[in-house]
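Student: What follows is the residue order along each chain.
2 protein chains.
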Amino acid sequence: MESNSVIVNPWEVKGNVDYNKLLDEFGLKRISPALMKRIEKNAGELHHYLRRGIVFAHRDLDKALDEYKKKNLFLYTGRGPSGPIHIGHISVWLFVKWLQEKLGLELWFQFTDDEKYLFNNLSMAEIDKWLHENMLDIIALGFDPKKTHFLIDTKHANLMYPEAIKVAKKITFSTVKAAFGFTNNFNVGEIFFTAMQAVPAFLPSIIRGKKMFCLIPHAIDQDPHFRVSRDAIHKLGFPKPGSIQSVFLPGLGGISKDGKMSSSTGQAIYLTDTPNEVKKKINKYAFSGGQNTIEEHRKKGGNPDIDVAYQWLTFFEEDDKKLKNIYDDYKSGKLLSGELKKILIDKLNLFLAAHQKRRKNAVKLLDKFIYKP
Amino acid sequence: MESNSVIVNPWEVKGNVDYNKLLDEFGLKRISPALMKRIEKNAGELHHYLRRGIVFAHRDLDKALDEYKKKNLFLYTGRGPSGPIHIGHISVWLFVKWLQEKLGLELWFQFTDDEKYLFNNLSMAEIDKWLHENMLDIIALGFDPKKTHFLIDTKHANLMYPEAIKVAKKITFSTVKAAFGFTNNFNVGEIFFTAMQAVPAFLPSIIRGKKMFCLIPHAIDQDPHFRVSRDAIHKLGFPKPGSIQSVFLPGLGGISKDGKMSSSTGQAIYLTDTPNEVKKKINKYAFSGGQNTIEEHRKKGGNPDIDVAYQWLTFFEEDDKKLKNIYDDYKSGKLLSGELKKILIDKLNLFLAAHQKRRKNAVKLLDKFIYKP
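As you go down the protein sequences, you meet chains A and B in turn. Everything in the first sequence is counted per our numbering, starting at 8 for the first residue and increasing by one. Everything in the second sequence is counted per our numbering, starting at 8 for the first residue and increasing by one.
A few of these clues could be false.
Since the list gives no way to pick out one identical chain from another, each pair is judged satisfied if it fits inside one copy or across any two copies.
What the hints assert, rightly or not - Here are the simulated lysine to any residue pairs, SDA-like style, with alpha carbons at most 25 Å apart:
{"no.": "1", "residue 1": "K349", "residue 2": "Q274"}
{"no.": "2", "residue 1": "K77", "residue 2": "P91"}
{"no.": "3", "residue 1": "K136", "residue 2": "L243"}
{"no.": "4", "residue 1": "K109", "residue 2": "D335"}
{"no.": "5", "residue 1": "K70", "residue 2": "F245"}
{"no.": "6", "residue 1": "K162", "residue 2": "Y75"}
Since the hints were made in silico from the structure, they are not lab data.
Input sequences plus hints: build the corresponding full structure.
Tutor: This is how it looks when you write it as structure tokens:
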């Protein structure tokens, strides 16, 4: 999606994303109420991301649920380790964790260290450092060590490269040019990379010795990869992977629900931030939908729809009633901007305290998570 | 080199190759008498390929000899396993074997199974079969198992892919397009592949923990790979590899010293051919420079310069005196075409009998040759 200075591709997200337009352009479907019912029936509950349209789009989710019934479904998601993990990254993974827990699914978690080396100005040593740090954070999110397998592109290359060339053989430069906007000045590793990203969508079928269905929950910017590789994967004799897309957590400075949280502005909340850092950042940077003075706010009320603290609570406050009360109170002027921010700060710090505690234990679990061929 | 229907690139060699033109186009130097003296001094003798201009061109061979003095030189050559090995393939390797033996050098031998999969209409199973067969033939040529290390692209990917992306980052699509004549319809694996071919030129430096100089003897069609990767390898902090180029053994039906022996016509001599097959093929297919009748031949004499049997003897008959006698006798009409062919047939069958005997023993040595990281 690249129009009116809106860019959404795996390496850049810029501008106010129009998700409806993106659905059309990417050829995705909105998750229907009927599909939600099916998920709820299988999972025993409905994740608030689904209820609230945060996880909103899909490809072949219906087929994925059919295959789930036949015990023939696995999950695949990933992370490019080029820096610390911030709050904006984890919503997809929290949803994946929920799916794993509720449906008892195997998860293959890819770390695209090759991608981050090829597309960024980083050394392999720096990327290795972030790989290690990121793995700890991802383990700390609470995935099941018995059912979760980390694949690291450069470290599992014996397993992945021979499969990647099979995908690569089915994808021309013309195709990646059209899908990603590459030019002739892109390096030959960047051009090849999408083939590596395709591998975890069918590698488990090879490892388990049967053709399994893959469901890929991912942020919507990653979709072009799978649009490109679905056909290639199918030509190799494996089912086309299904996928689930989520909207982006708005950036702290973002003025609407659109736009991805950017760590490059230095205004992101990292999973390693202290309670005081979180408090300072939210108070200083979170775009407010409140009025300029308390008097005016009490009189006119705030606008939760453009208030970043409120938007973040739609991601972090699972209780619909509580959220509704916050919405109403803010809109009526009963709840002040500072008070709204305080609710978010407390919520985040509660989450981060538990996360950071689990993270300390994660080193011990690391070996269990890394896939042993 | 692509003009007047002459094509010389790593995947196609067609037409009458003008080696002088190729030197200019590729930016190679002819091996000078002074350089030959240096080789002779170090090796204790001068290989007949050097004496006869079969191994004729180079890049930085002088530097390679400087580094040899410092015990800082290794050899690298390779094979793409897409079919049986024929007589036309082995001249470079016989020269490499001589270099290894005379200079006591380590040799890294790359098998580009990924390349053959990406550029040909072959399954990985077929390529795996040829990989195995080709390795046996290469072992049977007599390399030193203690100093020779096989690298197989898909099987050593853990070692090679992380290095290949470093090369890939320095090479754009524009560059490979210009060097290899690729179009936008080439697959993304083909576009990436040259990065894998570059790896053995510096991997030993990483493994041995010191910056070593690499000398790559290869048939001249492979040169574009190293023209592309030399700069990339240098940017990664390793010495630019040197190289030695050889002319092609003419095809059986070839009318001059030019043109590569082609196995696609079904007129190649394979290393597994029986004495009778060799006899039949040479007698039936080897282009003759003799006259139409015995009488005419006795009177006018033959033309060894276009006679394939004679040309092949320049590769296989090491003794300069013997070769000179054959040349003179053929030219004068004393030696008939059938007699000339008989000399070649006997020479080849002697070589193949010994080769096939060694080949039976090669399976036992296979494990010693495959590099263990």
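Student: With reference to the structure, classify each hint as holding or not holding.
Tutor: Evaluation of the provided hints:
1. With identical chains, the CA atoms of K349 and Q274 are at most 25 Å apart within one copy only, with a shortest distance of 18 Å there and 83 Å across copies.
2. When the C-alpha separation of K77 and P91 is checked against a cutoff of 25 Å, the pair qualifies neither within a copy, at 38 Å, nor between copies, at 46 Å.
3. Taking the shortest alpha-carbon separations for K136 and L243, only the inter-copy value of 20 Å comes in at or below 25 Å, while the best intra-copy value is 35 Å.
4. When the C-alpha separation of K109 and D335 is checked against a cutoff of 25 Å, the pair qualifies neither within a copy, at 32 Å, nor between copies, at 88 Å.
5. When the C-alpha separation of K70 and F245 is checked against a cutoff of 25 Å, the pair qualifies only within one copy, where the shortest distance is 14 Å, while the shortest distance between copies is 51 Å.
6. For the identical chains of this complex, K162 and Y75 are neighbours neither inside a copy (30 Å) nor across copies (34 Å), given an alpha-carbon limit of 25 Å.
Consistency with the previously given hints fails for numbers 2, 4 and 6, ordered from lowest to highest.
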